[in-house]
Amino acid sequence: MAQYGPLNAHLWQLYHTAKVKASVSPLVRSQLDVLTSDIGRAPSTAHRQALAALLADLLQLAGEIGFDTNDYTTAAHCYTLAATASKETNHHDMWACALIRHSFIPLYDRQFARALPMLDAATRLANRGDSQLPTRQWASTVTAHAHAGLGDLASCQRALDNAETVNDLTAPTHTTGWLRFSGERLAEECGRCFVELRHHDLAEASLTQALKHGPSGRRQGTINTDLAMIGARLGDADRVITYAGNAIDAARDTQSGYITKKLSGLQPHLAPLLHNRGVRHLNDHITHLTTTTALGAKRA
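For the sequence shown, our numbering assigns the number 554 to the initial residue and increments by one for each residue that follows.
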């Protein structure tokens with residue numbers, strides 16, 4: 554069992570660096586089979602709990618891969634199993650992270666009220682966890698998104714203020730594995746909230762700053778989509794063409810269904826600008842990308 558922890562960490566690192574996140578899926582599924590088999594033959598309670606912690610870790614990675622390919626059923630199943638395994642080991646931070654990830658499913662379907670109970674539970678668990686881990690701050694950030702989606706500026710700002718305490722932590726920054734949140738992400742997260750709240754000047758400033766941090770290809774795609782949304786709302790066709798074009802490139806490069814879903818959410822806002830030839834061309838590209846992604850998911 555000693556080799557399983559480093560192997561989990563290696564798989565997370567592969568996922569972090571992979572341009573196409575789904576490419577890591579066969580390796581993750583194979584190791585999940587090994588862990589599931591071993592946990593059924595665990596010779597002691599301590600051995601079983603150690604394996605359960607490893608399983609909870611890797612199930613969250615499997616869930617992320619499902620989420621990135623818009624396979625929300627698989628993602629939800631993985632996150633539910635991860636939460637159960639974390640509960641068995643009494644690992645509050647890992648348990649909270651499973652709930653945070655699960656909340657992304659209603660959140661990105663714009664069912665913000667449905668996400669809040671999971672986030673409230675995650676926050677309670679995080680408060681019982683390791684105070685030097687950024688679990689509480691990550692929960693606050695995602696909670697801010699939910700409040701922003703509901704148009705609750707005061708609650709959103711309180712949650713963002715709580716998230717900023719990540720900069721007060723003295724433990725090493727977590728950038729890979731089941732907990733990946735640091736102060737570097739705050740500009741991106743604030744910007745996304747301000748887009749929902751239609752505070753366009755603040756949103757653009759935050760999102761432009763986030764791009765300077767050199768985020769991953771997938772995050773570049775989502776940031777550019779948010780910037781394109783601002784352009785669409787302001788009636789700025791040139792801005793839409795530039796930023797949405799960047800997002801389309803990122804979606805093709807990473808084959809991320811997550812970016813594609815964000816772009817499809819942009820399309821209704823393009824309607825007032827469709828008299829512009831460039832915007833019409835862009836809209837056609839998004840439609841093609843969405844269709845191609847959906848067909849690929851059915852074949853998988």
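No lab work stands behind these hints, which were simulated from the structure alone. Here a beta-carbon is modelled for each residue, glycine too, at the ideal position from N, C-alpha and C. Wrong hints could be hidden among the right ones.
Claimed, not checked - Think about it this way: if two alpha-carbon atoms lie no more than 25 Å apart in a straight line, the pair counts; the simulated BS3-like pairs of lysine-lysine are: (1) K814 with K572; (2) K765 with K814; (3) K765 with K572.
Claimed, not checked - Across the chosen pairs, the derived CB separations fall in these ranges: (4) R711 with T598: 40 to 46 Å; (5) A824 with P670: 33 to 39 Å; (6) D754 with S684: 46 to 52 Å; (7) Q820 with D791: 15 to 21 Å; (8) G558 with T844: 30 to 36 Å; (9) S597 with T844: 48 to 54 Å; (10) D754 with M554: 52 to 58 Å; (11) A724 with T845: 27 to 33 Å; (12) R751 with T840: 43 to 49 Å; (13) Q685 with T845: 39 to 45 Å.
Outcome for the supplied range 33 to 39 Å, where the beta carbon pair is A824 and P670 | Given about 34 Å between the Cβ atoms, the range holds.
Using the beta carbons of D754 and S684, state whether their distance is inside 46 to 52 Å or not.
-> violated (35 Å)
Between K765 and K814, is the straight-line Cα distance small enough, at 25 Å or below?
-> The hint holds at about 24 Å.
C-beta pair R751, T840: status relative to the range 43 to 49 Å that was hinted | With Cβ atoms ~26 Å apart, the hint is violated.
Given a hinted range of 30 to 36 Å, is it respected by the beta-carbon distance of G558 and T844?
-> violated (42 Å)
Can the restraint linking K765 and K572 be considered satisfied, given a maximum Cα separation of 25 Å?
-> holds (19 Å)
Given a hinted range of 40 to 46 Å, is it respected by the beta-carbon distance of R711 and T598?
-> Taking Cβ atoms as reference, R711 and T598 lie about 41 Å apart, which means the hint holds.
Taking only the CA atoms, is the gap from K814 to K572 under or equal to 25 Å?
-> holds (18 Å)
Whether the CB-CB distance between Q820 and D791 falls inside 15 to 21 Å = holds (18 Å)
Given the hint of 39 to 45 Å, check if Q685 and T845 actually sit that far apart at their C-beta atoms.
-> Given a distance of about 44 Å, which is inside 39 to 45 Å, the answer is holds.
Could you see if the CB distance from A724 to T845 stays within 27 to 33 Å?
-> With Cβ atoms ~42 Å apart, the hint is violated.
Lying within 48 to 54 Å: is that true of the beta-carbon distance S597 to T844?
-> Because 52 Å falls inside the window, the suggested range holds.
In summary, the structure is inconsistent with hints 6, 8, 11, 12 from the numbered list given earlier, while agreeing with the others.
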